[in-house]
Amino acid sequence: MKAYSTAHLSLDLPEGHPFPSYKYPGVAEALKGLLPVLPAPEVPREALFLAHDPAYLERLFREGLSRKESLRLGLPFTPSLLRRALHAAGGTLLAAEDALREGLGLNLAGGTHHAFPDRAEGYSLFNDVAVAVRWLRARGFAGRVLVVDLDAHQGNGTAVFFQEDPTVFTLSLHGERNYPLRKERSDLDVGLPDGVGDEAYLYALDEALEIAQAFRPELVFYNAGVDVLKGDRFGRLGLSLEGVRKRDERVFRMVKTLGVPLVVVMGGGYNRDPQLTVEAHAGTYRLALSSLA
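Residues in the sequence shown are numbered from 1 upward in steps of one, following the UniProt record's numbering.
Simulated from the structure, these hints should not be mistaken for laboratory data.
The beta carbon of each residue, even a glycine, is placed where N, CA and C say it ideally should be.
Please note: incorrect hints may appear among the correct ones.
To be verified - Straight line, CA to CA, 30 Å or less: simulated DSBU-like cross-link-like pairs of lysine-lysine:
#: 1; residue 1: Lys32; residue 2: Lys68
#: 2; residue 1: Lys183; residue 2: Lys230
#: 3; residue 1: Lys68; residue 2: Lys183
#: 4; residue 1: Lys32; residue 2: Lys246
Stated by the list, open to error - What follows is a set of in silico ranges between Cβ atoms, one per label pair, in the way DEER data are often shown:
#: 5; residue 1: Arg272; residue 2: Gly140; range: 44 to 50 Å
#: 6; residue 1: Glu164; residue 2: Arg101; range: 25 to 31 Å
#: 7; residue 1: Gly64; residue 2: Gly16; range: 18 to 24 Å
#: 8; residue 1: Lys2; residue 2: Arg216; range: 27 to 33 Å
#: 9; residue 1: Gly195; residue 2: Ala55; range: 39 to 45 Å
Based on the provided sequences and hints, a complete structural model is requested.
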């Protein structure tokens, strides 16, 4: 069992930018004693072309993003940004292959669910889960796939990728009034009010997982964003650290009941307390290992 990380990569950002670069090395360090943490490799270009629009990719690699596109992304376009996104997607791809082979795959990055087939949005240059699913399909995996997206923001890009694909079920449990303003159609969307706490959140999650389980997936991707925590700069929800643990516990229990492989990707987390962000993310991976490895 191993995990992949982008902690070896730097990201050039303006001073004071809210992107939480600190959490990637922080989580890798927190897990170092539990399993090997390997540098995520660059995703094969052919894998990106299986999922994303060729015109978007060719322009991205040739010219980068325009100022308007960078504003929509929320990050200035730099070579370091592109490099990091390529490696984050590569980590999810290898984690997916690990999951099929060993039952559990872990990427300490990824979950960039706002990337659409033909554009970047919301800190998401490539949709790593969509790329991994298309890569597995091209290599012969034909099973049903469930995407459980519990980031505080709707997985709008992921929803669009799979809207016409009956072999993939997308579940998004998110803040109804949060970004993105315009929601896309997942197979199951559960919008929650601002400030929702542990009890109401877990009740909604139990109902959603019961519906998702009926899809009888043969592989599960879990976007385990911790921006659901109270005090997150962008999340607007109100879970405690214990609430996040119980959330993860429910997902892992479902996976164990189904007896299927699981891929865990990091998703968002921007708490005003950086150490809380790191601890919550690390706790998800620790629980995945103790529950499923």
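Hint check results:
no. : hint                        : in the structure
1   : Lys32 - Lys68               : 39 Å, violated
2   : Lys183 - Lys230             : 23 Å, holds
3   : Lys68 - Lys183              : 21 Å, holds
4   : Lys32 - Lys246              : 24 Å, holds
5   : Arg272 - Gly140: 44 to 50 Å : 46 Å, holds
6   : Glu164 - Arg101: 25 to 31 Å : 29 Å, holds
7   : Gly64 - Gly16: 18 to 24 Å   : 23 Å, holds
8   : Lys2 - Arg216: 27 to 33 Å   : 29 Å, holds
9   : Gly195 - Ala55: 39 to 45 Å  : 41 Å, holds
Of the numbered hints given earlier, the model fails hint 1 alone.
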